[in-house]
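There are 4 protein chains.
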Amino acid sequence: MINVSVVGATGYTGAELLRILLNHRHVKVKHVTSESSAGKRIDEVIPSLRKKYDLVLEKPDIARLAKESDVAFFALPHGVGGRAIAEFLRHGKKAVDISADFRLKDVKAYEKWYGVEHPAPDLLKKAVYGLPELWRERIRSAALVANPGCYATAATLALLPLLRHKLVDEDSLIVDAKSGVSGAGKKLSSMYHFSEVTENFQAYAVAHHRHTPEVEQTLSETTGRPTRITFVPHLVPMNRGILAAAYATLKKKTSAAAVRAVFENDYGREKFVRLLAGEEWPQTKNVAHTNYCDINLKVDERTNRVVVLSALDNLVKGASGQAVQNMNLMFGFDEGEAL
Amino acid sequence: MINVSVVGATGYTGAELLRILLNHRHVKVKHVTSESSAGKRIDEVIPSLRKKYDLVLEKPDIARLAKESDVAFFALPHGVGGRAIAEFLRHGKKAVDISADFRLKDVKAYEKWYGVEHPAPDLLKKAVYGLPELWRERIRSAALVANPGCYATAATLALLPLLRHKLVDEDSLIVDAKSGVSGAGKKLSSMYHFSEVTENFQAYAVAHHRHTPEVEQTLSETTGRPTRITFVPHLVPMNRGILAAAYATLKKKTSAAAVRAVFENDYGREKFVRLLAGEEWPQTKNVAHTNYCDINLKVDERTNRVVVLSALDNLVKGASGQAVQNMNLMFGFDEGEAL
Amino acid sequence: MINVSVVGATGYTGAELLRILLNHRHVKVKHVTSESSAGKRIDEVIPSLRKKYDLVLEKPDIARLAKESDVAFFALPHGVGGRAIAEFLRHGKKAVDISADFRLKDVKAYEKWYGVEHPAPDLLKKAVYGLPELWRERIRSAALVANPGCYATAATLALLPLLRHKLVDEDSLIVDAKSGVSGAGKKLSSMYHFSEVTENFQAYAVAHHRHTPEVEQTLSETTGRPTRITFVPHLVPMNRGILAAAYATLKKKTSAAAVRAVFENDYGREKFVRLLAGEEWPQTKNVAHTNYCDINLKVDERTNRVVVLSALDNLVKGASGQAVQNMNLMFGFDEGEAL
Amino acid sequence: MINVSVVGATGYTGAELLRILLNHRHVKVKHVTSESSAGKRIDEVIPSLRKKYDLVLEKPDIARLAKESDVAFFALPHGVGGRAIAEFLRHGKKAVDISADFRLKDVKAYEKWYGVEHPAPDLLKKAVYGLPELWRERIRSAALVANPGCYATAATLALLPLLRHKLVDEDSLIVDAKSGVSGAGKKLSSMYHFSEVTENFQAYAVAHHRHTPEVEQTLSETTGRPTRITFVPHLVPMNRGILAAAYATLKKKTSAAAVRAVFENDYGREKFVRLLAGEEWPQTKNVAHTNYCDINLKVDERTNRVVVLSALDNLVKGASGQAVQNMNLMFGFDEGEAL
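Protein chains in written order, with my numbering: chain A, 1099 to 1437; chain B, 1099 to 1437; chain L, 1099 to 1437; chain Z, 1099 to 1437.
Hint data in this document are derived by calculation from the structure and do not stem from the laboratory. Please read these numbers as outputs of a predicted model, since none were measured by experiment. Some hints could be false.
Note: identical chains are not told apart, hence a pair may lie in one copy or across any two.
Unchecked claim - Cross-link-like lysine-lysine pairs, in silico, DSSO-like; alpha carbons within 30 Å at most:
{"#": "1", "residue 1": "Lys1223", "residue 2": "Lys1351"}
{"#": "2", "residue 1": "Lys1126", "residue 2": "Lys1150"}
{"#": "3", "residue 1": "Lys1150", "residue 2": "Lys1396"}
{"#": "4", "residue 1": "Lys1210", "residue 2": "Lys1128"}
{"#": "5", "residue 1": "Lys1210", "residue 2": "Lys1350"}
{"#": "6", "residue 1": "Lys1203", "residue 2": "Lys1369"}
{"#": "7", "residue 1": "Lys1285", "residue 2": "Lys1138"}
{"#": "8", "residue 1": "Lys1192", "residue 2": "Lys1369"}
{"#": "9", "residue 1": "Lys1264", "residue 2": "Lys1191"}
{"#": "10", "residue 1": "Lys1369", "residue 2": "Lys1126"}
{"#": "11", "residue 1": "Lys1349", "residue 2": "Lys1285"}
{"#": "12", "residue 1": "Lys1206", "residue 2": "Lys1128"}
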């Protein structure tokens, strides 16, 4: 049994994390913090948790959290939690950061894409990018895990086998991604006002979304050369779920079976990647409230391209579920515990 | 004042057509037909039309329709209306076919993609592809207009200027399109059952959707060589609207302003194409219930690609509105009458 | 041809009003005003109006508006527009107020339910409650029309015939109403954040919604004694539409046919009330984007109650459509012009 | 550890049951049956269960099921499963019937409301109505539990305390209920076609829904006299959730606190009923995917009525969750196990 705290517990990822941790047999949630709602019972802010948790939200007191927790999840906006994480780690405890702060290894790239000064550049060497399908062993021994972005998880899992096995032209990568609205969090904006979203579909941040460099960093590590993607995200009138369509040009004529073999090789033993067959395409509905990423692909022989489709729940495999998967690895629990 | 009949009036495109024609100052709707609902008042089948039309659905009697109508809209499934259209035209009247039967010039391609024998191959020479932004003059003098598909309209309008002005590599074209559910019509299927669609997003017919050859035919005519696209459609949990994202690689480094100039040249005087500026991306909500196609584009300098986004209402500019636009051209009315 | 101005043009009711007025043959929209967006083109704020209007939003200058307009629609929050309306009327022009300010004849009731001082109590005598099905003649000669609330229109039209013809116990009235989210306007609130609304259904303002006294005022005028209702509104995860279920106990055993006869008597000749038959229940979809109110009823013989169901589009018959209907009456146009 | 089988496993309630049983520590799912999909793997029919169950759907062989199961859930349409349940029970095993067959004690009432002959009237004496908050002790020793209807659970829990404590007039009961679409199951119908449901709201089965007599049976047992309700269900454009508004006239002036005290007395110790306070109204979102029923109430002093609002997930507390709650009671497990 370990003690776990959640810093920034009242957003959508915090609520989802608490929902998942309810089912975890080796975890006790010790502290939940919130700057703006400190003093309230957790279920006053997240009514769905009524009768499930008997916890009061606290102002974050990192020293005390560190003393009484084995691990903490930081679910804060980017640029905010870095210093607190640094302090928490100094007490010898482990952390999973759900924000974007420790995903990019390059401080300059971080500061360019996020427009803020990096809060704790010294920690970047220490941080492990928490995509278990790629860095499982590193995660096991990490003190700090940078939990991947939701879009980044979907896009990276779709493209990795193609690049790792050198099937496609590295200059041909396009990811057209679609997300439900919960990915944008609780912050009010006319863009997420119900009347503006329902019966509507639109692209946003066209070719300049912040998850782009994160995907490119992983792909470049895989190819061994700077690898870029055109990335276009869209807003779907639904709450949860991401579907990404990744397009790449095959280096040479390759059968669908050969492309599929590569995915089966990479993901066949993965607990949380499900490779679909034939014309059964990933649907966000089938992964909702689960930690699965469903993947299928098509070779378009007419144009010599491969299309890979991947679906996940942005709040689970795209955030809190993957965070728990990472914690399970860090503490030697069954990787799928509570998931 | 002309007399208009609608053959196959009870589907979503038929209902939309009747809604639009209500506002047309030069049209009287004479006959509405339905195989399955003949004998019922139109508003028994389409309750939203109650108190708007006083018409009874009839079995289609083409000779009588031709006698009493100046033009007819055929809103039937593909493969069904061809012979009726042929007979109707023999009476010297004009027709707009909303089905796919007369879009593809190549009978073999039609039979391969649609899986049925062509009902009236002799008429193909006569049929004009009803995209007014491309073939306005031909449409004015046409007896038979093949109304474009909804996806095809969105994809073609997005790509045409790029190819016409030779800005992009003809082998680099990808269209990732997303549609509301009304595009699938009224036919029941578990795929369109509310509980399966809401809070869900999925691709379908990946790289083999029937609108693909229609887009390719137009693009090939433009480039003067066989031009192919990878086309992937998706189902959005909403009723109306299509958003298409078209991706193409620039032949050489080209500024956003130069690409935009080409679109302004081609569409600046078009009544029903609206070119958006800056970071204002097309939204299906803004074109819903209208005949507009909203377009904007982005040059992704990092990857040397251009992304064009286009949005339209699949039942209006993607079907019945464009059909009325075509009729307006065929009869010399103001092109925007009733639209 | 009359000149029309819209004060507060950028909310959902303003936008809907402008959409409707586009189709009006006797109206020219002269001025559109907005405190917060003055100086912008109308389509910068309401993109769906692009290419439809060539108007710039202005700060409201009532003297100038009055000079250049025959009538103005005031689509402002309650408590805000009263003084401007008074000034506008002093210039001898006509006004339709879409806010709640002139609906309640009793200043004290207004101040109690709305929590603000009444902005222009002197005008209350002058104001006519703009429900054409009830006060058509008064509206024709009114200088100031108080456009009814959306819920109030649905509830009042459902209950009026029952009370007018003394079929039901005046102490037994319950209205359980359900509305789409656009009724709440554009103001941001976590209650209308997409992720909080989709896949959710809830009641609000239980038994203390502000439209309650408005309905009661009309019903009391009809019965000649103080008549109260229990009114419970709900939020439906959709954009447009209201469905109200009104419950009342029959004074004595009455056949369904007899109850229906009373509705046919009252509404049979009404252009914008459609009485449905048998088991065809009103659906918000069938009245969306129209000025109709669809009504049907059921006598529950087991409990001696009558249930009346009414549906309308909260932005049309519940706001801007009814406002145009009122203007048509005030200026002697066809009552259904543009609707 | 007990062996459990699910007869009719492929509908929405079957799928939900399997999802819940995954988390049950004392249960092994032994057989899953389906007439139409026998021979397929369960996840071919319910893709969300991929990698979770390794079961093949079988034709129901009741003798074998009975031999190898301690309990079976029957999730079949009404009128279908009765004989199979009778046979299953003859082997001395226990059953939870999720259909309506054993809810009504009166065979004539069943046959009138459901329009079919009762499949096993002899079992009616044996069947216990599975509302744990009412019949917990009877359920513990039952061999056959008739799992309540979804609307009936919401309506009955809302009204019971008022009647049990004689606070309200038994002739004044009205329930206006609203349900998501999953309550209608997987059967295709134009009424549940996505394009017909989204952006729509409507009533159906007005004052003659089949859950009416089920609620009345329970209320009549409570009051000791025939007690009737007017019941009107509505369809909400969402997948899951029921919200019921129950209206009743207070026998005499009663404070909100006094009414609340009665609910606290009856439900204060209930694990799966959550009584909300103040103006916090039940929302279907907060009970989605849980076995909770959230309740709050309001005394409308102006009209001397009480309004009780109750919310639950129709597939969980309204079906499969309550079924597991009942099984837990029947086998002496913790009542909340897996829930």
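Hint-by-hint comparison with the structure:
1. Proximity of lysine 1223 and lysine 1351 under a CA criterion of 30 Å is satisfied in neither setting, with 40 Å inside one chain copy and 37 Å between copies.
2. In this assembly of identical chains, lysine 1126 and lysine 1150 lie within 30 Å of each other by CA distance both inside one copy and across copies; the values are 13 Å within and 26 Å between.
3. In this homomeric assembly, lysine 1150 and lysine 1396 come within 30 Å of each other (Cα to Cα) only across copies, at 25 Å, whereas the closest approach inside a single copy is 44 Å.
4. Taking CA atoms no more than 30 Å apart as the test, lysine 1210 paired with lysine 1128 passes in neither setting, with 36 Å inside one copy and 47 Å between copies.
5. Taking the shortest alpha-carbon separations for lysine 1210 and lysine 1350, only the inter-copy value of 27 Å comes in at or below 30 Å, while the best intra-copy value is 36 Å.
6. Taking identical chains as interchangeable, the C-alpha atoms of lysine 1203 and lysine 1369 lie at most 30 Å apart only when both belong to the same chain, with a minimum of 28 Å there against 48 Å between chains.
7. When the C-alpha separation of lysine 1285 and lysine 1138 is checked against a cutoff of 30 Å, the pair qualifies both within a copy, at 19 Å, and between copies, at 26 Å.
8. Taking the shortest Cα distances, lysine 1192 and lysine 1369 sit within 30 Å of each other inside one copy (24 Å), while across copies they are farther apart (35 Å).
9. With identical chains, the CA atoms of lysine 1264 and lysine 1191 are never at most 30 Å apart, being 39 Å at best within one copy and 59 Å at best between copies.
10. Taking the shortest alpha-carbon separations for lysine 1369 and lysine 1126, both the intra-copy value of 24 Å and the inter-copy value of 21 Å come in at or below 30 Å.
11. For a Cα distance limit of 30 Å, the shortest separation of lysine 1349 from lysine 1285 qualifies neither inside one copy, at 44 Å, nor across copies, at 41 Å.
12. Taking CA atoms no more than 30 Å apart as the test, lysine 1206 paired with lysine 1128 passes in neither setting, with 36 Å inside one copy and 53 Å between copies.
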